[in-house]
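Build out the structure end to end from the sequences listed, making use of the hints.
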Amino acid sequence: MAMTDNGTKANCDRWMDALASGLDKSDRDFRKHLEVCDICRREWAEFSSVWGSLAMEASEAEVPEDLKDDVMKAIFGPSESDSKPLRAKARRTFPFLWTIVAAACLAFGLAAGIWAEAKVLRGEQSASPAIVKDWDLHSFNEAMPDAKGTVSLIREGDLRRVVVGVSGLKPTQGEEAYQVWLVHDGKRYNCGTFRVDETGNGALVYVIRKPNVSIDSFGITLEPDDRGTQPRGQKIIGTNPIGYKEDKA
Amino acid sequence: MSHPSDEELMRLVRERHRPALELLYDRYAKLVYSSARKFAQDEASARDIVQAVFMRLWTTQAEFRSSQGEFVNWVLTITRNAAMDQIRKARKQEQAVSRSESEARLDSRGGSDSPEHSPEAAADRRFLRQKLLEASESLSQSQAQLIHLVYWQGYTLREAAERCGEPLGTIKNRLHQALKILRLHLSATQEEVWR
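As given, the protein sequences belong to chains E and G, one line each in that order. Per our numbering, the first sequence starts with residue 1, numbered consecutively. Per our numbering, the second sequence starts with residue 1001, numbered consecutively.
Do not take every clue at face value.
As the list claims (entries may be wrong) - Each computed BS3-like pair below joins lysine-lysine, with the alpha-carbon atoms no more than 25 Å apart:
| id | chain 1 | residue 1 | chain 2 | residue 2 |
| --- | --- | --- | --- | --- |
| 1 | E | Lys68 | G | Lys1030 |
| 2 | E | Lys170 | G | Lys1030 |
| 3 | E | Lys32 | G | Lys1172 |
| 4 | E | Lys25 | G | Lys1180 |
| 5 | E | Lys9 | G | Lys1180 |
These are computed hints drawn from the structure, not numbers from a lab.
Pasting the structure below:
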């Protein structure tokens, strides 16, 4: 049979077998073959999207309402923290004081400098990110009783990534934005702002360039705009400062 | 990061962030479920397929990194593979299923499978689907039948050749031709939909 310069068949149709059997670039052997076979690479580029899009020929079906629960239960098991917001309890144990006194502002300014200028230590990078800590977020706001979320602190070498995911939040109006605050040594630090999509879900990632950060708690407020450096609006969801989960590291 | 891309969500998923998976579910459940219904033709099997897809998204180590259109493609490939697993298992367990040749033709009215009742359907997916159905009108009966055998019913090219009573080479050429025709009809459409 005719061979091309790099030894692959001149009429190689391995790409077609791959389409039929559902292989794609995540299959190592096939990916390596694409690197050396001009024909398969070209044909794959030409036809893989068309082939994939055949699925859309299916008529649209109404997704059963209970399917999401079933799927999530199957993947994660039955949920341990059925996050009914412990609003009353939270208000007693964690009084919500957003009045920032001048001294605190000054401290915030100094500390912000520390956060910003902390050197990223060169050293061993851990092979893969690991979740160091987890928090559940509960609603603190009666207008959004179903608001909830999670925060994970992820170690990636000497970085710490704060990953926030929320649901049940009302869409913002105009310039409004939700803002995430981290409490460290009793002081609040700005972790950034986000808005939610039409389903009320949102996410945010904040990087801390300091390996040994101790976090007391988190709060998320609804702010009039995304330019604030200290909380101005109402607290919507937050962590219970007592009893965050055990270290996973 | 107020409206994460699919790629960003997958990155969060790899970091074990459950809300990201739930957001992906909200975005793709209808597409996955609708295809699953056509592959599997009954609700229980379709539900199993959906579960397998999101389980796979949660556990995959593969890093997804590509242009926008290809994420949908990836999810649909996973969906088809989950369906194929199910189909092949069932096929081993029962007698050879003989489907009538008329069923094998792509149904251009889309009426023989799941009911199409969804007011919130994404307009661009409907548009793409319409284009697909138009494109398949250009296919010959044997081309359409072959696509159905291989894509929807999960037969290998060799098995399809046996069922059609034709040489493997002929079947491969036929599939190649069919793909070219579909590609021709869809090339402009895809750029519009997946930009």
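Could you grab the alpha-carbon distance between E:Lys25 and G:Lys1180 and see if it respects the 25 Å cut-off?
Within the cut-off at roughly 21 Å; holds.
Take the C-alpha atoms of E:Lys170 and G:Lys1030, compute the straight-line distance between them, and say whether it is at most 25 Å.
holds, 23 Å
Verify the proposed pairing of E:Lys9 with G:Lys1180, using a straight-line Cα cut of 25 Å.
Since the Cα atoms of E:Lys9 and G:Lys1180 sit roughly 21 Å apart, the hinted pair holds (cutoff 25 Å).
For a C-alpha distance cap of 25 Å, please report whether E:Lys68 and G:Lys1030 respect it.
holds, 11 Å
Need the status of pair E:Lys32, G:Lys1172: alpha-carbon distance at most 25 Å?
holds, 23 Å
Going through the hint list in order, the structure satisfies each hint without exception.
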